[in-house]
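**Student:** Spelled out, the chains give:
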Amino acid sequence: MIPRPFEYHAPTALPEVIALLGQYGDEAKLLAGGHSLLPMMKLRFAGPGHLIDLRKVAELKGIALVGGEIHIGAMTTENELIFSTLLAKHLPLLAEVARQIADPQVRYKGTLGGDISHGDPGNDHPAVMMAMDATFVLAGAHGERLVKASEFFHGLYDTALTPGEVMTQIRLPLPPAGTGSSYAKLKRKTGDYATAAAAAVVQVKNSVCVQARIALTNVGPTALLAGDAAASLVGKTIDEAAIGHAAALAMKICDPTPDLRGDEAYKTAMAGQMVERALRTAAARCAI
Amino acid sequence: MSKKTIVNFKLNGASTDVMVEPRELLIHTLRDKLSITGPHIGCETSHCGACTVDIDGASVKSCTVLTVQCEGSELLTIEGFAKGGVLHPLQEGFTQEHGLQCGFCTPGMITRAYRLLQENPSPTEEDIRFWMAGNLCRCTGYQNIVKAIQYAAAKMRGETVTTSHPLMAELSA
Ligand SMILES: Cc1cc2nc3c(=O)[nH]c(=O)nc-3n(C[C@H](O)[C@H](O)[C@H](O)COP(=O)(O)OP(=O)(O)OC[C@H]3O[C@@H](n4cnc5c(N)ncnc54)[C@H](O)[C@@H]3O)c2cc1C
Ligand code: FES
Ligand code: FES
Numbered sequence: 004m005i006p007r008p009f010e011y012h013a014p015t016a017l018p019e020v021i022a023l024l025g026q027y028g029d030e031a032k033l034l035a036g037g038h039s040l041l042p043m044m045k046l047r048f049a050g051p052g053h054l055i056d057l058r059k060v061a062e063l064k065g066i067a068l069v070g071g072e073i074h075i076g077a078m079t080t081e082n083e084l085i086f087s088t089l090l091a092k093h094l095p096l097l098a099e100v101a102r103q104i105a106d107p108q109v110r111y112k113g114t115l116g117g118d119i120s121h122g123d124p125g126n127d128h129p130a131v132m133m134a135m136d137a138t139f140v141l142a143g144a145h146g147e148r149l150v151k152a153s154e155f156f157h158g159l160y161d162t163a164l165t166p167g168e169v170m171t172q173i174r175l176p177l178p179p180a181g182t183g184s185s186y187a188k189l190k191r192k193t194g195d196y197a198t199a200a201a202a203a204v205v206q207v208k209n210s211v212c213v214q215a216r217i218a219l220t221n222v223g224p225t226a227l228l229a230g231d232a233a234a235s236l237v238g239k240t241i242d243e244a245a246i247g248h249a250a251a252l253a254m255k256i257c258d259p260t261p262d263l264r265g266d267e268a269y270k271t272a273m274a275g276q277m278v279e280r281a282l283r284t285a286a287a288r289c290a291i
Numbered sequence: 037m038s039k040k041t042i043v044n045f046k047l048n049g050a051s052t053d054v055m056v057e058p059r060e061l062l063i064h065t066l067r068d069k070l071s072i073t074g075p076h077i078g079c080e081t082s083h084c085g086a087c088t089v090d091i092d093g094a095s096v097k098s099c100t101v102l103t104v105q106c107e108g109s110e111l112l113t114i115e116g117f118a119k120g121g122v123l124h125p126l127q128e129g130f131t132q133e134h135g136l137q138c139g140f141c142t143p144g145m146i147t148r149a150y151r152l153l154q155e156n157p158s159p160t161e162e163d164i165r166f167w168m169a170g171n172l173c174r175c176t177g178y179q180n181i182v183k184a185i186q187y188a189a190a191k192m193r194g195e196t197v198t199t200s201h202p203l204m205a206e207l208s209a
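Order-wise, the sequence lines are chains A and B.
Take the position in the first sequence, starting the count at 1, then add 3; the result is the number in the working numbering.
Take the position in the second sequence, starting the count at 1, then add 36; the result is the number in the working numbering.
This is chain A alone, in the form it adopts within the complex (with noise of 0.2 Å):
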């Protein structure tokens, strides 16, 4: 379980990390928390020649309130996440989620960058990205470019990052009063990624649902946004009736891959309760 060779670098600005990447292409990996890349390299499901460590990156650091948005550092922790107070006040659902990955070792590592950058279907901050609609800022010699969460997410492992970008920041836009929002994941134990998860954002308006966003983890090949079933709460009530129907919309789109976590219609119904259970939740907290 030891690594392959690699030579390691250690830069202390962004345009250093620019300039490596730059010369190194596509031999270069960038190190963050470390607790998914490290395990492939250990496995040798990835064998980059140069590994370029972010960790004394300072402008990747931070979480801020900016105008109307909250700006993080894309080497912001998950325990960073879970204990910031400015977040427990206007985004309170990064901590739910954060709270839900891993063990508490793995979130003292992991990076909202890193686990967002992976490309893994099995993360649990894609389909929360997509459902607080986040902007993600890239960086690399062009100077930066902005991608929604959204048109982020390609493939398995593939993402709109190209070979000489880095993620700095990730953006969230301060949800609307009237805001309430969720994320319900089934795991088999700690540690363990989702079976299926949901997250759920919606606004409501004098009883009337008039925003929503929904999005799906681990059962496709990348976090999923189920559009329509969002769309069928607009101009109702979130009752039982409507929660049902979102539901079976948003197993309409599921495509899980079986596993040991379960085969595809055990994953595809548990995506409808996880779906559910999020509507839930959010819709009994938009009350203001």
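For the record, the hints were derived by calculation from the structure and aren't laboratory data.
Bear in mind that the values here come from a model prediction, so they are computed numbers and not experimental data.
Honestly, I wouldn't trust all of these hints.
[Unchecked claim] Incomplete in silico selection of chain A near chain B, CB under 7 Å:
id, residue
1, 6
2, 41
3, 193
Glycine is no exception: its CB is placed at the ideal position from the N, C-alpha and C atoms.
Given chain A, put chain B with the ligands in place with the hints provided.
**Tutor:** Using the frame of chain A, we list chain B with the ligands on its own:
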């Protein structure tokens, strides 16, 4: 090929230099080069927590961190707990409450529990179970581990503590 480099960190208070290949995992450096054999290799796949060490105020699985990532860091392992022959309250708690049987998971348990008590000096049983969930024990069933941590927490808060274990209470009577 990857060149060897010298990495410097503070290990249980002592400045330490060690020569490693970049691909070397911290658990191997500790156990094979520095004779720090308290952190154990249980699963080698980031699941069991037996290899837990404290790095710059964080509980980390040392099988999932490269030694080169620790340059300039402060490391604490189970070897750094007892001071002047006196057991740390956590070590005392694990003894008094029978928080171990085979002891394989214990160095990782104690090192993790130490950071938990730094962050939360008065954890509830639920807090302990949630925040200790990265450490697996094959023997105890966890009940006495929870009690051991509660014992240590009380002692570290300056309260008088007595063991809840009937055998231990008899021994000390
Ligand atoms: C036992 C265990 C259980 C786990 N359970 C869960 C779980 O339930 N849910 C979950 O979501 N995750 C889980 N994980 C994964 C964990 O959360 C990882 O930490 C996370 O997926 C990756 O984040 P990282 O910071 O460790 O990234 P790394 O492992 O360092 O990197 C992952 C990938 O992303 C790239 N990358 C990292 N940062 C950037 C960046 N800023 N810009 C561009 N590319 C970047 C790297 O090059 C690499 O390809 C688990 C891990 C373990 C070991
Ligand atoms: S040996 Fe490191 S977590 Fe099991
Ligand atoms: S005491 Fe044996 S594994 Fe915990």
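**Student:** Hints first: check each against the structure and report whether it holds.
**Tutor:** Evaluation of the provided hints:
Using the Cβ-Cβ criterion of 7 Å, the hint placing residue 6 of chain A at the interface with chain B is satisfied: the shortest such distance is roughly 4 Å. Interface hint at residue 41 of chain A: satisfied, since its Cβ lies 5 Å from the closest Cβ of chain B, which is below the 7 Å cut-off. A cut of 7 Å between beta carbons decides the hint on residue 193 of chain A: the least distance to chain B is about 4 Å, and the hint holds.
Comparing the model with each numbered hint stated earlier shows that all of them hold.
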